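Peer 1: Listed below are the residues making up each chain.
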Amino acid sequence: MSKRNDITTPEGYFGDLQERLLEIPARPARVSTVRRLTPYVAIAASFLVAVMLGNFILSKTAAPSPEDDTWTYVSYLADALDPDGAAMFDETDWYEDQEESGLSEEDIINYLLADGISVEHLNYLSYEAGY
Amino acid sequence: MDGVERLFNEIVKDYSERVYWHVRRFVNNHEDADDLVQEIFLKIWTALPSFRGEAQLFTWIWRIATNETLNWIRREKVRAALRFTSIDAEMERRIDSDPFFDGDAADRALSKAVAKLPEKQRQVFILRYYDEMPYEQMSEVLGTSVGALKASYHIAQEKVRAALGKDLFIGDD
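In order, the protein sequences belong to chains A and B.
Once you know that position 72 of the first sequence is 71 in numbering that gives the first Met the number 0, the rest is easy, because the numbers rise by one and skip nothing.
Once you know that position 24 of the second sequence is 23 in numbering that gives the first Met the number 0, the rest is easy, because the numbers rise by one and skip nothing.
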């Protein structure tokens, strides 16, 4: 199985890329980091804050599930379902997978900031949502 | 041309292609890789005056490249959620629709299996398997011990093997 030959680029791409990158120092520096909040981002922000609030309420009101508790339960389940495979189940790996499975608040904030929402507006939305 | 600009030009000449291939493995699409490489080099240019040489230049560049790539993936995860899809499904779609993907079915399956790895394992797998970076160098870039990196690579390999079928050779470490 090849390591690199499976992906290609347009012909002459790297020469063109280098030319464009070498122009970076000549580009005018960004004057301001504050960008205008577009209506789309405002809607997305409101939606996301609502989802975050929903998650928060659910986490406070729903009965605790065994999965939330500990690695012990996962280990027990793995052992019960697949006694031979349980030895291969790695605790660190399980936690890493959990970390991957959902969107963190940091992911959402990172996205919103990258898409142009200001920190002040984000704070305002969080305040409105009761955070 | 001052010293900083001269150094930046050297970095572009020495590292742009390597950074591109690294980024491309993460984003699974030529156009996005092109955009992200430009963002990374813009960041390098902006931060270059503050580069003090405590870290090796290579390590410093790779730290910026890996951080920017992870930030891109996290933003993409949110974009996927806003479209009511998952980042895994989005990555599969990209691999299937990339006009510059030239591999066979096994290569495609490997790319998809790698795209499904958890973030940190994917990072280690790409750096080790595709970029062929030594563990010691990887340790400096990611700030993780060599032992932990080897463990992560092993777990990633096992997952990829399981996804592909155990008879496919994807290297040992």
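Treat the hints with care, as some may be off.
To be verified - Derived, one-sided and incomplete: chain A residues facing chain B with beta-carbon distance under 8 angstroms:
#1 N4
#2 F13
#3 Q17
#4 L21
In short, the hints are calculated from the structure, not lab data.
Note that the coordinates shown come from a computational prediction; the quantities given were computed from them, not determined experimentally.
In this text, a Cβ means the ideal position worked out from N, Cα and C, and glycines have one as well.
Peer 1: Next step is simple, just say for each hint if it's right about the structure.
Peer 2: Evaluated hints:
{"no.": "1", "hint": "N4", "verdict": "holds (7 angstroms)"}
{"no.": "2", "hint": "F13", "verdict": "holds (5 angstroms)"}
{"no.": "3", "hint": "Q17", "verdict": "holds (6 angstroms)"}
{"no.": "4", "hint": "L21", "verdict": "holds (6 angstroms)"}
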